[in-house]
Amino acid sequence: MVEHRQTTRSGGGPLSVGDVAALVDGRVSGDASVQVVGLAPVDEADEGDLAFLAARRYAKHVPRCRATAYLVSSDLDASLPENTTRVVVTDAYPAMRTLLRHFVAEEAWVPCVHATAVIAEDVHLGDGVQIGPYVVLERGVHVGDGTRIGAHCVVGRGSVMGSACRLHPHVVLYHETELGNGVEVHSGARLGSDGFGYTLVDGEHAKIPQVGRCIIEDDVEIGANSTIDRGSLGDTRLGRGVKLDNLVHVAHNVRVGARTLMAALVGIAGSTRIGQGVFFGGQSGAVNQSNIGDGAKIAIQTGVTRDVPPGETMSGSPGRPHREELKRQALTGRIPKLLERIESLEKEVSELRRE
Amino acid sequence: MVEHRQTTRSGGGPLSVGDVAALVDGRVSGDASVQVVGLAPVDEADEGDLAFLAARRYAKHVPRCRATAYLVSSDLDASLPENTTRVVVTDAYPAMRTLLRHFVAEEAWVPCVHATAVIAEDVHLGDGVQIGPYVVLERGVHVGDGTRIGAHCVVGRGSVMGSACRLHPHVVLYHETELGNGVEVHSGARLGSDGFGYTLVDGEHAKIPQVGRCIIEDDVEIGANSTIDRGSLGDTRLGRGVKLDNLVHVAHNVRVGARTLMAALVGIAGSTRIGQGVFFGGQSGAVNQSNIGDGAKIAIQTGVTRDVPPGETMSGSPGRPHREELKRQALTGRIPKLLERIESLEKEVSELRRE
Amino acid sequence: MVEHRQTTRSGGGPLSVGDVAALVDGRVSGDASVQVVGLAPVDEADEGDLAFLAARRYAKHVPRCRATAYLVSSDLDASLPENTTRVVVTDAYPAMRTLLRHFVAEEAWVPCVHATAVIAEDVHLGDGVQIGPYVVLERGVHVGDGTRIGAHCVVGRGSVMGSACRLHPHVVLYHETELGNGVEVHSGARLGSDGFGYTLVDGEHAKIPQVGRCIIEDDVEIGANSTIDRGSLGDTRLGRGVKLDNLVHVAHNVRVGARTLMAALVGIAGSTRIGQGVFFGGQSGAVNQSNIGDGAKIAIQTGVTRDVPPGETMSGSPGRPHREELKRQALTGRIPKLLERIESLEKEVSELRRE
Numbered sequence: 006m007v008e009h010r011q012t013t014r015s016g017g018g019p020l021s022v023g024d025v026a027a028l029v030d031g032r033v034s035g036d037a038s039v040q041v042v043g044l045a046p047v048d049e050a051d052e053g054d055l056a057f058l059a060a061r062r063y064a065k066h067v068p069r070c071r072a073t074a075y076l077v078s079s080d081l082d083a084s085l086p087e088n089t090t091r092v093v094v095t096d097a098y099p100a101m102r103t104l105l106r107h108f109v110a111e112e113a114w115v116p117c118v119h120a121t122a123v124i125a126e127d128v129h130l131g132d133g134v135q136i137g138p139y140v141v142l143e144r145g146v147h148v149g150d151g152t153r154i155g156a157h158c159v160v161g162r163g164s165v166m167g168s169a170c171r172l173h174p175h176v177v178l179y180h181e182t183e184l185g186n187g188v189e190v191h192s193g194a195r196l197g198s199d200g201f202g203y204t205l206v207d208g209e210h211a212k213i214p215q216v217g218r219c220i221i222e223d224d225v226e227i228g229a230n231s232t233i234d235r236g237s238l239g240d241t242r243l244g245r246g247v248k249l250d251n252l253v254h255v256a257h258n259v260r261v262g263a264r265t266l267m268a269a270l271v272g273i274a275g276s277t278r279i280g281q282g283v284f285f286g287g288q289s290g291a292v293n294q295s296n297i298g299d300g301a302k303i304a305i306q307t308g309v310t311r312d313v314p315p316g317e318t319m320s321g322s323p324g325r326p327h328r329e330e331l332k333r334q335a336l337t338g339r340i341p342k343l344l345e346r347i348e349s350l351e352k353e354v355s356e357l358r359r360e
Numbered sequence: 006m007v008e009h010r011q012t013t014r015s016g017g018g019p020l021s022v023g024d025v026a027a028l029v030d031g032r033v034s035g036d037a038s039v040q041v042v043g044l045a046p047v048d049e050a051d052e053g054d055l056a057f058l059a060a061r062r063y064a065k066h067v068p069r070c071r072a073t074a075y076l077v078s079s080d081l082d083a084s085l086p087e088n089t090t091r092v093v094v095t096d097a098y099p100a101m102r103t104l105l106r107h108f109v110a111e112e113a114w115v116p117c118v119h120a121t122a123v124i125a126e127d128v129h130l131g132d133g134v135q136i137g138p139y140v141v142l143e144r145g146v147h148v149g150d151g152t153r154i155g156a157h158c159v160v161g162r163g164s165v166m167g168s169a170c171r172l173h174p175h176v177v178l179y180h181e182t183e184l185g186n187g188v189e190v191h192s193g194a195r196l197g198s199d200g201f202g203y204t205l206v207d208g209e210h211a212k213i214p215q216v217g218r219c220i221i222e223d224d225v226e227i228g229a230n231s232t233i234d235r236g237s238l239g240d241t242r243l244g245r246g247v248k249l250d251n252l253v254h255v256a257h258n259v260r261v262g263a264r265t266l267m268a269a270l271v272g273i274a275g276s277t278r279i280g281q282g283v284f285f286g287g288q289s290g291a292v293n294q295s296n297i298g299d300g301a302k303i304a305i306q307t308g309v310t311r312d313v314p315p316g317e318t319m320s321g322s323p324g325r326p327h328r329e330e331l332k333r334q335a336l337t338g339r340i341p342k343l344l345e346r347i348e349s350l351e352k353e354v355s356e357l358r359r360e
Numbered sequence: 006m007v008e009h010r011q012t013t014r015s016g017g018g019p020l021s022v023g024d025v026a027a028l029v030d031g032r033v034s035g036d037a038s039v040q041v042v043g044l045a046p047v048d049e050a051d052e053g054d055l056a057f058l059a060a061r062r063y064a065k066h067v068p069r070c071r072a073t074a075y076l077v078s079s080d081l082d083a084s085l086p087e088n089t090t091r092v093v094v095t096d097a098y099p100a101m102r103t104l105l106r107h108f109v110a111e112e113a114w115v116p117c118v119h120a121t122a123v124i125a126e127d128v129h130l131g132d133g134v135q136i137g138p139y140v141v142l143e144r145g146v147h148v149g150d151g152t153r154i155g156a157h158c159v160v161g162r163g164s165v166m167g168s169a170c171r172l173h174p175h176v177v178l179y180h181e182t183e184l185g186n187g188v189e190v191h192s193g194a195r196l197g198s199d200g201f202g203y204t205l206v207d208g209e210h211a212k213i214p215q216v217g218r219c220i221i222e223d224d225v226e227i228g229a230n231s232t233i234d235r236g237s238l239g240d241t242r243l244g245r246g247v248k249l250d251n252l253v254h255v256a257h258n259v260r261v262g263a264r265t266l267m268a269a270l271v272g273i274a275g276s277t278r279i280g281q282g283v284f285f286g287g288q289s290g291a292v293n294q295s296n297i298g299d300g301a302k303i304a305i306q307t308g309v310t311r312d313v314p315p316g317e318t319m320s321g322s323p324g325r326p327h328r329e330e331l332k333r334q335a336l337t338g339r340i341p342k343l344l345e346r347i348e349s350l351e352k353e354v355s356e357l358r359r360e
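Chains as they are written, first to last, in my numbering: chain A, 6 to 360; chain B, 6 to 360; chain C, 6 to 360.
Mixed in with the good hints, there may be bad ones.
Just so you know, same-sequence chains aren't split out, so a pair can sit in one copy or run between any two.
[What the hints assert, rightly or not] 30 Å max Cα-Cα, derived DSSO-like pairs, lysine-lysine: (1) K302 x K212; (2) K342 x K332; (3) K65 x K212; (4) K212 x K352; (5) K65 x K342; (6) K65 x K352; (7) K212 x K342; (8) K332 x K65; (9) K302 x K352; (10) K212 x K332.
Don't read these hints as lab results, they were simulated from the structure.
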């Protein structure tokens, strides 16, 4: 197969190590005048690169690394040979972000509406929008300024997008979906699909009309192939700055507070209320219309079945406060010892009885 | 962001509270002549609305609610102030369904075949069908009367759809898939994809041709981004009235009985046999070609690894009968007490020995 | 609904039972000159068919089966009536594969580029490629010889596909994705989407640019609606012969060794290192940048949270070596007996004290 080494050199030009330190508010050790042309992981960095070292497990690659200098978090500073040129920072990730934004050229794009797009007569297109090939915009759709809609996206009637949104190819918004400003939606995400709502009529599951909306506030990012249902009666809503990973499911009438994160394959059942700044680990879920407080942490594969107080960490299935769950796990481990103690007691008692 | 209050007033016009009671077979308390124009959740209802109250947790919103009248389930009747106009029903959900079907105008649509659809010469299009922009229908496809196929759907050669089906935008049917009548498939669902079947040949996983079909019976609904594989040898089949939520996976050669429900992110492994009226909670799964009896209930995140008798409720991973699983959970909780009793016994025995 | 019995007779013509035995290296019992025209499951096989019997649970269908002869694995040979014509093999699945490749005609296709495809000027199209309706190939894309790209696929700028690849309809490759030779990608899979990477800046989750690539080596197959993120810094890579089922998520910077298999709904968190020939059961996952050794087996719904030695079988959530997990499960089951023993001890001790 064709293969090229990955570099991030295409962007803003070389920097001296001193410049790097100034950009990321770091401390230089070694020659501050040395030039670097890109950022690379320590196991892939080559001459001219600034190697990125922020996790102890990567330190083993240092001896073979040919990087010109390092960006290193202060707790790993000691793992570099003494004479290595480096920029030391407290937290390497914001620094990495800053440098990537310098080194990596943002993709150039020009506003345009592709000739193959099918756009209803009354659609509002803001200034500087980009509409890709084979996009379908149904009647009443509103596209805010600077918003980009990738190839094959389908936007249902009456849907509204704010400014500076980005829909990657193959996104579908059902009718009357609303996105705020700066929302990014990855390929294959479906927003505003019908909720899973039936009621028994004559022994059959009869569908309850799903007439609420799906509302996404500013600066939300939604991962590839995730699905957010519209509300049944009333709306489904993701608050400002919420970030969802791939293959996440959010059911009808769920409310998610600002800045909450959900990792891949999370499933949130209908009418769950989720606070601000909550974190859901991969494959976790919530049911029973639970209320989850601000800042709660839900560990991977946890099944939340009841209300969670603010700040609580939950784990297990059914989910319990993490300390309680750990204790339960430890208790099971103590059973063999317990058995030994009972056996020894039985022996002693039978001896006593014989006396 | 642009935002409008959600109302459901666009449909069949206002009703008096007496009319409402007649429609839903309910009992009026208060002024039966008062008019309502739509149905709304109790925390969003405004003047002119009929507020919907069917869950105790929403009763707290009643004091601030400005609704003109209530639709309330009989068990919550007492949570309304005495002089509130209301319609009381035994089960609020069928009533809600009836009223939504009155108040909410069904989307108007006209039969048409979009000029951009790519349709093979021998495709059969029934009467009154709707074929959206950029749809691809391969040779031998049969589209029943009144069936609607949304933008960008791709229907593989020889696939058959009955009458009154609806494929939302971006559905793919692989070749020779069969849908009965009244089947609804949401965006991004894939039907008839290859099963996960390999056999070792010279140390490599060699693909077994997947030559069965994917057959979906009448009145099935399939959620967004769900995947139903075709059979390997023999078919995969979903029975009449089955309802799948979003992101559900059904593997090759699975048979699902009529009226079975699967919540989001459920995964069913190959050749599983599932009875009628089974319920799968979110993120649950079944493996090992298990047989699951009629009316079984599989709790969220349960992993079924063996046969399940009809009517049984299963929970845990590996899945066990729910009462057994609850007992196991309770037993672990008793270990600390057990430890105390052993300690006290040890003390007593050592005292006895000293005597 | 329209329905036709599934046969696999359309391919390479009838075979005598003797021919079958020669093809699959089996032993004939009965009349080797009898002709069969297709392969079918034992519960669906009819006159003229070779019935396939490889699992004991299907043996119950033998008495009603009208098949002309059987393909049977040696361990089930005794479950057939004595005078039944059969071909006996050690492992029935490779034999099934061989016969299906004989009986089932491979789909015919002709190289062509559909008139509606939107192809950038500098795209390289190899010899004998097939480009379906509404495909979008952005600038710099390379399509190897004999590669087929289904309807509506979108291939981002600079992406490279080797020879003899197949993208089913509705696949999206983000920019700079690389596929080797013989890669098959099912409908709705998304490759090279952004990883889930944020860092706190002024109390908000700020996105870290995801500048690595998504690299897929030769002979990989990826299931419907699966998602493989591009690397953040450095690449995500699936090794030669990896097979992923539907709805699988592989996060940024994961490395998967050759011939590893993942069943449906598996989720692999960022930077996980997975060896060769590993098997992941459905709905299992791995986090914490764990290293998973060659040949490890991860049971369904297992949550791997730490390194796994080569060849180890893991189960449970959190995942533990399977024997340890089984022991833990058994221990819990022993608590009731343990309680009885304590009660009886308490009785004896109180009697002893009364003496």
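Review point. Which numbered hints does this structure break?
Key: 4, 5, 6, 7, 8, 9, 10
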